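> Modelling step: build the complete structure from the supplied sequences, incorporating the hints.
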Amino acid sequence: MLLTLGCGERAAPADAGPSVATQWAEARALWYIDRDPAAYQAWMAVDPGTGEGREARALLAEAEPLYRQGIDAVREDAAGDADPRALFERAVRVAPMDPRLYLPLARAFRDLGRRSPDNPHHFIRAAEYYRKFIVLLPHDGQAEAARAELAELDPDSERLFAPPPTPPPEAEVIPAAAPAPVALWPLWVAFVALVLAVAAVAVLLSRSRRRRVSLETLAERRPELHPAITYLVHSLRHELLKHRIGAVGDAVSALDAGHATDAQRDFLSSRLYGGEPLFDAWRGHVASFERALGLEDDLARADPSFRSAERAVEQIAKLEAHVKRGDPGALQRSYDTLRRFDVQLRELVTQLTRTPVDGALFRDVVDEVRGEYAAGQVPLDEVVIRAPEPAPEIEVFRVDLVLVLKNVVRNAILAVGDEEPPRRIGLDVETQLEPTGEETVLVHVRDTSPAEFTTEDIYARRMDRGLGLVTAALGRYEGSIAVEPTEDDADWAKSVVIRFFRAD
Amino acid sequence: MATLLVIEDGDEYEEFARLFLSPRYDEVLAAHTCDEALAQAGEADALLIDLRFERAPNDVLVGDLAGAARRFGGDEARAARWLKEQQGTLILAALREAGHAQPAVFVHDFTERRRKNLEKLYARVGAVPAFDAARILATLEELGR
Numbered sequence: 001m002l003l004t005l006g007c008g009e010r011a012a013p014a015d016a017g018p019s020v021a022t023q024w025a026e027a028r029a030l031w032y033i034d035r036d037p038a039a040y041q042a043w044m045a046v047d048p049g050t051g052e053g054r055e056a057r058a059l060l061a062e063a064e065p066l067y068r069q070g071i072d073a074v075r076e077d078a079a080g081d082a083d084p085r086a087l088f089e090r091a092v093r094v095a096p097m098d099p100r101l102y103l104p105l106a107r108a109f110r111d112l113g114r115r116s117p118d119n120p121h122h123f124i125r126a127a128e129y130y131r132k133f134i135v136l137l138p139h140d141g142q143a144e145a146a147r148a149e150l151a152e153l154d155p156d157s158e159r160l161f162a163p164p165p166t167p168p169p170e171a172e173v174i175p176a177a178a179p180a181p182v183a184l185w186p187l188w189v190a191f192v193a194l195v196l197a198v199a200a201v202a203v204l205l206s207r208s209r210r211r212r213v214s215l216e217t218l219a220e221r222r223p224e225l226h227p228a229i230t231y232l233v234h235s236l237r238h239e240l241l242k243h244r245i246g247a248v249g250d251a252v253s254a255l256d257a258g259h260a261t262d263a264q265r266d267f268l269s270s271r272l273y274g275g276e277p278l279f280d281a282w283r284g285h286v287a288s289f290e291r292a293l294g295l296e297d298d299l300a301r302a303d304p305s306f307r308s309a310e311r312a313v314e315q316i317a318k319l320e321a322h323v324k325r326g327d328p329g330a331l332q333r334s335y336d337t338l339r340r341f342d343v344q345l346r347e348l349v350t351q352l353t354r355t356p357v358d359g360a361l362f363r364d365v366v367d368e369v370r371g372e373y374a375a376g377q378v379p380l381d382e383v384v385i386r387a388p389e390p391a392p393e394i395e396v397f398r399v400d401l402v403l404v405l406k407n408v409v410r411n412a413i414l415a416v417g418d419e420e421p422p423r424r425i426g427l428d429v430e431t432q433l434e435p436t437g438e439e440t441v442l443v444h445v446r447d448t449s450p451a452e453f454t455t456e457d458i459y460a461r462r463m464d465r466g467l468g469l470v471t472a473a474l475g476r477y478e479g480s481i482a483v484e485p486t487e488d489d490a491d492w493a494k495s496v497v498i499r500f501f502r503a504d
Numbered sequence: 505m506a507t508l509l510v511i512e513d514g515d516e517y518e519e520f521a522r523l524f525l526s527p528r529y530d531e532v533l534a535a536h537t538c539d540e541a542l543a544q545a546g547e548a549d550a551l552l553i554d555l556r557f558e559r560a561p562n563d564v565l566v567g568d569l570a571g572a573a574r575r576f577g578g579d580e581a582r583a584a585r586w587l588k589e590q591q592g593t594l595i596l597a598a599l600r601e602a603g604h605a606q607p608a609v610f611v612h613d614f615t616e617r618r619r620k621n622l623e624k625l626y627a628r629v630g631a632v633p634a635f636d637a638a639r640i641l642a643t644l645e646e647l648g649r
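Going down the list, the protein sequences come from chains A and B.
Following the numbering used here, the numbering of the first sequence begins with 1 at its first residue and continues without gaps.
Following the numbering used here, the numbering of the second sequence begins with 505 at its first residue and continues without gaps.
Just so you know, these hints were derived from the structure itself, not from any lab.
Being a predicted model, the structure only gives us computed values, none of them experimental.
Even for Gly, the Cβ is constructed at its ideal location relative to N, Cα and C.
Please note: incorrect hints may appear among the correct ones.
To be verified - Derived DEER-like restraints, expressed as beta-carbon distance ranges:
#1 A:PRO390 to B:GLY546: 41 to 49 Å
#2 A:LEU433 to B:SER526: 34 to 42 Å
#3 A:THR486 to B:ALA638: 51 to 59 Å
What the hints assert, rightly or not - For the chain A half of the interface with chain B, some residues (derived, Cβ under 7 Å), not all of them:
#4 HIS238
#5 HIS243
#6 GLY246
#7 ALA247
#8 GLY249
#9 ASP250
#10 ALA263
#11 PHE267
#12 LEU433
#13 PRO435
#14 THR436
#15 GLY437
#16 SER480
#17 ASP504
See the structure below:
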């Protein structure tokens with residue numbers, strides 16, 4: 001769903017009060033910046049017949065099940081698997097909570113407190129949420145019941161917050177004799193020896209783990225190796241598995257069926273046994289993997305798929321004389337093994353890190369940056385987030401993408417903080433079709449600061465060390481970053497555009 | 505008499521075509537650069553294209569190297585590598601721009617999205633994931649209708 005802001009709706013005349021766009025911007029600021037519980041009513045007040053109103057309701061509808069799941073998780077406490085804190089955090093990032101849910105939330109914490117009476121915090125939270133419900137919905141049908149339930153909690157609260165009991169009268173204290181001095185150096189020696197022993201064991205365990213690691217496991221543990229793994233796999237698949245093995249599929253089938261022509265047998269022989277020996281070519285690729293990925297052990301021993309592929313290549317190599325005589329032997333079986341290996345490699349590369357570039361990601365990034373001291377001090381007037389559905393995915397580890405975006409968003413917020421209002425930032429994403437049929441994902445971080453800032457500033461790291469991390473991370477993932485002016489867009493002064501290839 | 509133009513950086517496709525596609529295509533032409541493809545495309549009824557041109561020298565590559573370098577954060581070496589990796593599609597782009605509309609098949613396991621994008625860009629484009637003569641011929645036949 002494309003969440004557009006203010007599109008299609010013209011501003012109301014001046015004497016009719018603030019425009020819908022302004023109303024929606026203020027309502028969003030009430031939640032995204034101030035976290036005011038009254039924001040829910042402000043969101044609901046935006047005319048649902050407008051694009052802004054529909055967006056507000058869509059976000060509220062997206063958040064509500066998360067809040068309800070969070071309340072259920074509080075009720076279930078240790079019995080369930082859901083983490084209430086994580087659910088609430090996700091919900092908070094999307095939209096404010098319906099104040100009517102404060103009552104079931106209060107009751108969930110109250111019941112939790114009754115099950116764990118030694119923990120006063122559950123009752124404290126319950127009381128807080130009862131009060132919020134009563135303040136926000138004083139005339140709700142459940143308000144009287146809420147007041148009564150809060151009143152029940154109050155005696156306990158009084159007891160919990162009562163001043164500490166009077167300490168007992170001071171007893172006569174007889175000072176203990178001072179302990180005799182003990183030589184400490186043997187203890188230090190023993191401690192250092194222990195530390196070294198533990199470190200040695202850790203290193204040994206780490207090395208043995210790195211040794212017998214399949215390519216798939218390595219990819220899971222070392223996301224920074226994904227571009228290298230992808231390139232190595234593509235090379236292996238293209239140069240060996242496609243052009244030397246894959247190319248002979250029809251000829252292998254014909255030979256196995258006993259009706260290969262002389263030309264087909266010659267083609268088969270030249271492809272499999274001409275040029276660089278097949279097994280040497282295979283070992284060359286395996287060695288490339290080991291060098292590039294820092295593997296200490298033979299990949300063909302550590303990885304079961306590589307092991308069976310190597311056996312198949314060995315078998316094909318041994319069949320040279322047979323094949324040239326027209327006798328297929330076990331060629332078809334070995335060929336099939338390598339075709340399956342090729343499919344496994346393709347699936348591995350496909351599974352490597354993918355991150356959807358969506359509104360949730362953008363909201364997480366903005367929240368995290370706003371939680372920082374300096375960026376949190378900037379009085380932002382508006383944060384505009386636009387994200388299409390379905391979200392495009394890119395082959396970038398989420399933590400790296402968040403690192404990149406946080407640095408760029410932080411710079412945008414600090415830049416507008418130096419300027420006069422309105423101080424606005426925006427995040428949005430689009431895709432672009434390339435002449436190769438690939439698609440590029442463009443993430444825009446926009447701001448209203450007119451201060452000069454160029455692409456060269458980013459790559460020269462003139463502005464901030466954080467942007468140096470950005471360019472390094474982008475290099476790992478074949479991304480790029482550029483500052484683009486927005487002359488045609490009156491809403492923004494500039495856009496920092498981050499590009500990645502879309503994951504297919 | 506039908507003619508197939510094979511476009512690749514080596515000779516594997518040409519050899520394969522002569523051996524396994526000959527029942528359908530009496531004549532097989534070969535082009536190793538965009539210029540060679542443009543020079544011979546007028547004689548061809550169909551195109552069989554390799555995607556990656558890793559063996560091609562940089563000076564024969566077609567594509568916007570400067571634009572690609574900007575895309576890769578100024579890394580010209582990476583940009584040149586990308587042009588080689590995707591050279592087949594860029595040659596097809598040049599052929600289409602020159603008015604050559606023959607069916608074109610890549611021997612490459614494109615994802616469905618990529619294949620559809622290529623179809624959207626260039627029309628009458630197919631892809632077969634491996635050197636499967638029957639599937640290549642069937643795909644060219646289907647595209648030729």
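> Let me make sure I understand: some of the numbered hints might not hold for this structure. Which ones are they, in numerical order?
none
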